[in-house]
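K.L.:
Next come the chains, spelled out residue by residue.
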Amino acid sequence: MSSEINNKYVIFKLNKEYYGIPIDNVISIEKMHTFTRIPNAPNYLKGVINLRGEVIPLIDLRQKLNMDLREIDKNTRIIVVTDKDIVAGLIVDSSSEVLEIYEENIDEVPSSENINLSYIHGIGKTKDRLVILLELSKVLEN
Amino acid sequence: MDLDINQYINIFVEESKEHLQNMNDILLELEKNPSNHDLINEIFRVAHTLKGMSGTMGFTNMANLTHDMENVLQAIRNDEIEVSEEIIDLLFECFDALDTSVNHIIDYGSEDTSNHKELISKLNNHLVKEKNSKSNERNIQKPVLELEHHLIEVLKKAKSDGLNVYKIDISLKETCMLKAARAFIVFNTLESFGEIVYSHPSVDDIEDEKFDLSFSIMLVTSSRESEILNSLNQISEIDKIDITLIDDSFNIIEVNNTSPKSDEGLSSFQDEDGKDEKTTQSHLGKIGKTVRVDIDRLDNLMNLVSELIIIKTRMDDLSGKAAGENMTEAIEYLERITTSLHDAVMKVRMVPIERVFNRFPRLVRDLSKELGKEIDLQMSGEETEVDRTVIDEIGDPLIHLIRNSIDHGIELPKERVKIGKPERGKLVLKAYPDGNNVVIEVEDDGRGIDYKYVLRKALEKGLITDKEAESLTVEESINLLFLPGFSTADKISDLSGRGVGLDVVKSKIESINGSVEVESIKDKGTKFIIRIPLTLAIIQALLIRLKDEIYAIPLSSVTEIINIPSSGIRDIQGQEIALYRGKTIPIIRLRKVLDISEEEEVEDLVVVVVNKGEKQAGLIVDSLIGQQEIVIKSLGKYLAGIKYISGATILGNGNISLILDINSLI
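The listed protein sequences correspond, in order, to chains E and B. According to the working numbering, numbering within the first sequence proceeds without interruption in unit steps and concludes at 142. According to the working numbering, numbering within the second sequence proceeds without interruption in unit steps and concludes at 1666.
Hints are computed from structural coordinates only; laboratory data are not their basis. For glycine and all other residues, C-beta sits at the position ideal for the given N, C-alpha and C. Among the hints, erroneous ones may be present.
What the hints assert, rightly or not - Across the chosen pairs, the derived CB separations fall in these ranges:
(1) E:Ser118 to B:Arg1336: 38 to 46 Å
(2) E:Glu30 to B:Ser1597: 24 to 32 Å
(3) E:Ser118 to B:Asn1663: 31 to 39 Å
(4) E:Glu30 to B:Gln1540: 30 to 38 Å
(5) E:Glu141 to B:Asp1025: 16 to 24 Å
(6) E:Asn75 to B:Arg1336: 39 to 47 Å
As the list claims (entries may be wrong) - List time: in silico DSSO-like cross-link candidates among lysine-lysine, alpha-carbon distance up to 27 Å:
(7) B:Lys1592 to E:Lys84
(8) E:Lys46 to B:Lys1457
(9) B:Lys1312 to E:Lys31
(10) E:Lys46 to B:Lys1017
(11) B:Lys1592 to E:Lys64
(12) B:Lys1312 to E:Lys138
(13) B:Lys1643 to E:Lys138
(14) E:Lys64 to B:Lys1643
With the sequences and hints as input, model every part of the structure.
P.N.:
Shown next as structure tokens:
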């Protein structure tokens, strides 16, 4: 059963590229919330939001992945993810759909001098585009 | 078949704990009334239930120990062994061993390796020793037979009719496949001789195979023993037949039909098994209708209710704009419901303080025995309820205080008599609710605290100065006991004798936002008064504003709110300080610490004076919002390391406000 689900990824956009997170790790997708700043926190940690009574940290994925900042607009979404007891919201430019990407269509990360490759689990290939699959445990590392 | 026992472990642990608590209570009771057979029966039932439960779960060591406990208890029931102090101590030891086993199961999910060999052999020694000494007496005494009233009538009638009454014990072979059928043949055979007036287990139970291998029958017949034996011998798969003629040599005792013993009938007939039903019956009376619920589920429920309250507040705001009388009415109704819902959920999380109190009788017993003191423990208010999270925290501090009272407070019986006190010391443990707090008092009528001695000691240790010592009141002097560093190893049996790590008690209680006070009169006694919040999930907090952010400060650490002119703050080598009540306290600018842009210079600063134990500091804030009850939310694992913040709470408008961690700020 789990193998069926495992192939599905939630796809979102960040800096014109498509990214994917395994659907098993996604709790929900929310519109942008008002959040409370956390003093003395790393810059990518935007603050905390009240998600149905739970206090959840909010990570600006652009900042976490060292990209340029972007204004929050009506397309901005929070993807609430979980991994090993940690629950967090990731701020992304927009979320688009759920795609099925099979194991055989996932390439290893090409070795390159590029930065932050540890956040990337692999590159998924679909009919019309490439999807960067995130290594969630690394993204949620402090 | 490999049964997944893990899913049952929680139930097993919960139930075992309940049974063990029950056993503990009865043992304590038994110590006071060693001759009370009902108590023995009750312990027997508990041991039996535990045996069954642990056996099912595969915890053989526990099962073995309880089995041997049963044997001894059985012997006591049959008057083969007398209840002596030794036996009670031994039973307590067994109880401890079982308790340890259960705790081990809680921690590791499996049984510890100790097989209780020593205890078991001790139990067995008792059995052999006592039985031997007793059986000598027994030979002289008439055998005892306890019967219900109607059976005694039957026996009398049989005798006057010249009939014989036999008690027949039958054991089937272990290999016997159809026990009920075999028993049926036995019954049929015996009925051809006369009338079966009694059977144990009951005929119904035997038909349903609710018996182990043996059963007992009483038969009224004109036939002779040998005839009966002959025909029984022809039935196969029977292991043992025991026929006793009941005549005048038996000492027949009538048992009351309503007593719990009656359903066991002839006490000497009992086999150990097949009694499960009675066990459950006797417990049914005590346990109300309850459901065990995982605390996580309750937390979840609590969250949902908090959510509901927040949404309600938001609707309240909206209705102000949209008006409409019906709307307002509906929202008021919603408000009433959410409030009662919130209360109801809070209540579900509450547990009676009995959970903590119930281990104290044993503690007091052991300690007083060890120290040769005689102490009456009086407990009241065990039904007072506090939140589950609080319960786990107050056990240790209370044990500490009780130990103190027994060890150092209450005098030896001889001393007490000399100064005109009753020989037996008194220890009173009292709990009662007081607003949003629960108060627990530990009071003894011992020698009390000599405040002069405390003062002297504090001076010696350099905890206070001579000048301070002069200005202290009696009460304040006694409270010096709570200073860290007051107690040292050398003072165990001093005149006052108090103060063994009381600072630990204090800090523990304060860590759950409680407080502890002490009242003492020399030679009259000492009273510790602990005040703890009903719940840790909700606290009183002071909400403050910094620029456009709102923070919460736990009210328990707020001493005072003062205004200081900006000129009143001095910079001493980079540390700002201010004068507060004749003392200098460090000043912390919250804006700076919390990474908010510097405030523009104002004339009058609002300073919240907070304390951590004896340490104080002043926090500069922009403005105050007010005091409010807040629901504490954890920040979760991801934010665990964040400095100066201990948690968060959700305000009425749904926004989050962070709770300042005063301990790390000072």
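K.L.:
Against the earlier hints, flag every one the structure doesn't satisfy and list their numbers going up.
P.N.:
1, 5, 7, 8, 10 and 12
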